[in-house]
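These protein sequence lines map, in sequence, to chains Y and Z.
Reading the first sequence from the start, the letters are residues 145 to 448 in this note's numbering.
Reading the second sequence from the start, the letters are residues 36 to 299 in this note's numbering.
Treat the hints as calculated values from the structure; they're not laboratory data.
Don't take each hint at face value.
As the list claims (entries may be wrong) - Which stretches of chain Z does chain Y cover? Using the computed rule of at least three CB atoms under 8 Å from a CB of chain Y, they are:
{"id": "1", "segment": "108-120"}
{"id": "2", "segment": "127-133"}
{"id": "3", "segment": "150-156"}
What the hints assert, rightly or not - Listed next, the stretches of chain Y that the computed footprint assigns to chain Z, with coverage defined by at least 3 CB atoms under 8 Å from CB atoms of chain Z:
{"id": "4", "segment": "317-327"}
{"id": "5", "segment": "426-434"}
Since we're looking at a predicted model, the values are computed, not measured.
Ideal Cβ placement from N, Cα and C applies to all residues, glycine included.
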Amino acid sequence: MLDILTSFYGLIPVTIAQSLIVAFVVLGVMLPFRILNFPDLTSEGAFPLGGCVCGTLISMGINPFLACGVALACGFLAGCTTAFIHLRFKINTLLAGILVMTMLYSINLRIMGRTNIPLFTYDTVFTILAGPSANISWVKILIVGALIALVVGLMLYFFMSEKGTSMRAVGASPDMAEAQGINVGIATIMGVGAASALSATGGSIMVQTQGFVDVNMGFGILINGLAALIIGEAITGRQSIRRQVLAPVVGSIVYYQLISFCLTLGLAPADLKFATGAFVLLMLALPNLRKSGGPTHIREKVRE
Amino acid sequence: MTTDMLAVTGGTKIFYRGTLDERRALDGLNIALKPADFCIVIGSNGAGKSSFLNAVSGKLPLDAGRITIDGQDVTKLNAHRRAQFIARVFQDPMIGTAPTMTIGENMLLAELRGKPRGFSYGLTAPRKAKYRDQLAELNLGLENRLDMPVGLLSGGQRQSLSLVMAVSTRPKLLLLDEHTAALDPRTAKLVMDTTVRAVEELKLTTLMVTHNMEHAIKYGNKIVMMDAGKVLLEIGQEEKRGITVSDLIDRFHTKSDAIALQGS
């Protein structure tokens, strides 16, 4: 038991660094789901898109900061596309997300020209900022932590600003938002775009810490993000916009420690996705399980 | 002659055009309201009352005809662009407010209706103070609960809040879509009294759809009875004085319902 705990303890810094990177994706999952009421799967494609764009540019000798910026912009466009498809052609948001995600796979392959690119020999944001200590977990935690703190701060400010309040209104009640003079379409496109930009940023940071890009990176990241979001919300609650924006970061950190703990306990990595899926399913089903026996409404809104 | 605050000329909206189900929701509708007119719209189900209100608010773009508000042609403007002139209270208390947002945030959304929204902080202290004053007039205690999510309020409280949100910006046109129909009689009266007080105090040009004939007679200075997408009858202030509920019901046409039944 003691050696399990020791190895878990040893993994804590690595896991924190990873969870802070994924926190970008969790924020990107939270924004459409919770703020805009727009269940969105684009993150699953935007995360590798950010990685592929950033990695390819870095391997071409482009400045890593610029590469991250381009990755962010590409993610934004991907999210805008999903929202546009939904709004213009009245295609279900989930289906629109799957369409974009699937098409992005080909785009990612086209961008890279092959299935993976090693980045070990190139300068990254981390080597530029921290030099030779770039590979130390605590250094990564410091850099990514500062960035996520900045993003969370900006998001909190934005959602309490005049523009941000109206974006939240679009998710809370689109009819009311329109009646208050808010352009629902533009707000939705901008919001979903921003969410995918966050996921792509996560991808671009991920490839720089792991030292390679793979076109299959981040398979299942959306469910991980959703699980982290649910855990985070269970801890922080959702009563205020502050709690709602903090939940993804808290949830990501806790979720990845839990995963790490399960793995050191002996859970086979192959079973991880099943376990995560089962966990998300259970959390979503729980409110309905409790009231079983009562009449079920046929037209009850689909959960989440 | 003063300019009309609202003028609809030849307003036409056809659903399912060119199919067997073709239905003229609005059929050459003409209505004009002077400033501070409080017009009650009545009519049987399917007469086109909701289509009329939706056409004015911009939710339902017209197929033909023209709509002006205070002399300005708004026919081509989207609903969110027309919101600078129009405030609306919906029948469903759940639609008119954002349930997951706080009372203060809802008031903020209403205050910025039709105005440019910037990146500056939304709920500032002066704004909160102003909202408290505006809400205090309701006597519901909402002024002490600015940070409470609107979803926790009762239907009547939410509808009262909707009303304050709608009138506090002094819109050129106030649309009330059976806004007391979903409330219990006592709350309905409370909301109705507040409505009348606000409309008269602020001299708001108002369109109110109702199925309540007593309300139609008691409130406002004008009754418009609609049928089959047209104005069937217009009753002005003078004529309105002597009228009774049964007079109104006698004049009710059920043509549109008959069509609806045959069609189904």
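Going through the hints against the structure:
A count of 6 residues in the segment 108-120 of chain Z with a Cβ less than 8 Å from any Cβ of chain Y is obtained; the coverage claim is therefore met, three being the minimum. Under a criterion of three residues with beta carbons nearer than 8 Å to beta carbons of chain Y, the stated coverage of the segment 127-133 of chain Z is upheld, 5 such residues being counted. Look at the segment 150-156 of chain Z against chain Y: 6 of its residues bring a Cβ nearer than 8 Å to a Cβ of that chain, three or more, so the hint holds. Counting residues of the segment 317-327 of chain Y whose beta carbon lies closer than 8 Å to any beta carbon of chain Z gives 10, which meets the minimum of three for the stated coverage.
Here's how the segment 426-434 of chain Y fares: 0 of its residues keep a CB closer than 8 Å to some CB of chain Z, so the rule of at least three is not met and the hint is violated.
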